[in-house]
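K.L.:
Each chain, written out:
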Amino acid sequence: NAGVTQTPKFRVLKTGQSMTLLCAQDMNHEYMYWYRQDPGMGLRLIHYSVGEGTTAKGEVPDGYNVSRLKKQNFLLGLESAAPSQTSVYFCASSYKRLERQFFGPGTRLTVL
Amino acid sequence: GENVEQHPSTLSVQEGDSAVIKCTYSDSASNYFPWYKQELGKGPQLIIDIRSNVGEKKDQRIAVTLNKTAKHFSLHITETQPEDSAVYFCAATPGSWGKLQFGAGTQVVVTP
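In order, the protein sequences belong to chains A and B.
Note that our numbering has the first sequence beginning at 3, numbered continuously upward.
Note that our numbering has the second sequence beginning at 454, numbered continuously upward.
If you are wondering where the hints come from, they were derived from the structure by calculation, not from laboratory data.
It cannot be assumed that every hint is accurate.
What the hints assert, rightly or not - Mimicking DSS-like on lysine-lysine, the simulated pairs with C-alpha atoms at most 25 Å apart in a straight line are:
(1) B:K521 - B:K490
(2) A:K11 - B:K511
(3) B:K524 - B:K475
(4) A:K11 - B:K490
(5) A:K72 - B:K521
(6) B:K524 - B:K495
(7) B:K524 - B:K510
(8) A:K98 - B:K552
(9) B:K495 - A:K11
(10) B:K521 - B:K495
(11) B:K521 - A:K11
No experiment lies behind these values; they were computed from the predicted model shown.
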């Protein structure tokens, strides 16, 4: 039982490049989330999904897109990376809303 | 929108002493208040949570109290140990859906 996994662990991009972060969970959770963590700002919700085929905007969605084609996977895309998107990205999942969220180990992204 | 304030930002305690972290929230509709612990290089992990119909909850050395009238909740760690050193985040759930709004975090250092 791997829980929540994220790939890649580290990535360096140049401004304007694109990339996709992959999150996978093996707990059959309906809800999945993408957060970014910046120093002194806690975690901020980027996008979330309440089930396969659904996505919704969180607190800071601009510059990101997401897809949930399979229940176990939640993808976060950056179409044209900017230095302001340098951050640590965490994926999480939960069985229900208002329940414990299980977090992945994070992806450290640097945009030059 | 919801604003969650967390204090202090850093907390240094001697091993065996108690540690207290306080959070305030603004949206009276918040009804779920989790606390997460994040160790260096890892994703956050839930350590305890409380719902709005409960005033206090305890799990071994960890306890959380909630004052709905004053809109604040606190984490109490007793008999601190070096392995308690980490960053702790509080969160509230503004609105009816249950998206988490995190505080900025508290760096706890337990010195032997």
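K.L.:
Each hint should be assessed against the structure and marked as holding or not.
P.N.:
We went through each hint and held it up to the structure:
1. Between B:K521 and B:K490, the direct Cα distance comes to roughly 23 Å. Compliance with the 25 Å bound is thereby established for this hinted pair.
2. With a CA separation close to 35 Å, the supplied pair A:K11 and B:K511 exceeds the 25 Å bound.
3. Restraint check: the Cα-Cα separation between B:K524 and B:K475 comes to about 11 Å, which is no more than 25 Å; the hinted pair holds.
4. Of the pairs offered as hints, the one joining A:K11 and B:K490 holds, with about 20 Å between alpha carbons and a cut-off of 25 Å not exceeded.
5. Only pairs whose Cα atoms come within 25 Å are accepted, and A:K72 paired with B:K521 is rejected, the gap being roughly 39 Å.
6. A C-alpha spacing of about 30 Å is found between B:K524 and B:K495, which places the hinted pair above 25 Å, so the restraint is violated.
7. Restraint check for B:K524 and B:K510: satisfied, since their Cα atoms lie roughly 17 Å apart, inside the 25 Å limit.
8. For the hint pairing A:K98 with B:K552, the CA-to-CA distance comes to about 11 Å; that is within 25 Å, so the pair holds.
9. A C-alpha spacing of about 11 Å is found between B:K495 and A:K11, which places the hinted pair at or below 25 Å, so the restraint holds.
10. About 32 Å separates the Cα atoms of B:K521 and B:K495, which puts this hinted pair outside 25 Å; it is violated.
11. A C-alpha spacing of about 40 Å is found between B:K521 and A:K11, which places the hinted pair above 25 Å, so the restraint is violated.
Hints 2, 5, 6, 10 and 11 from the list above are not met by this structure, while the remaining hints are.
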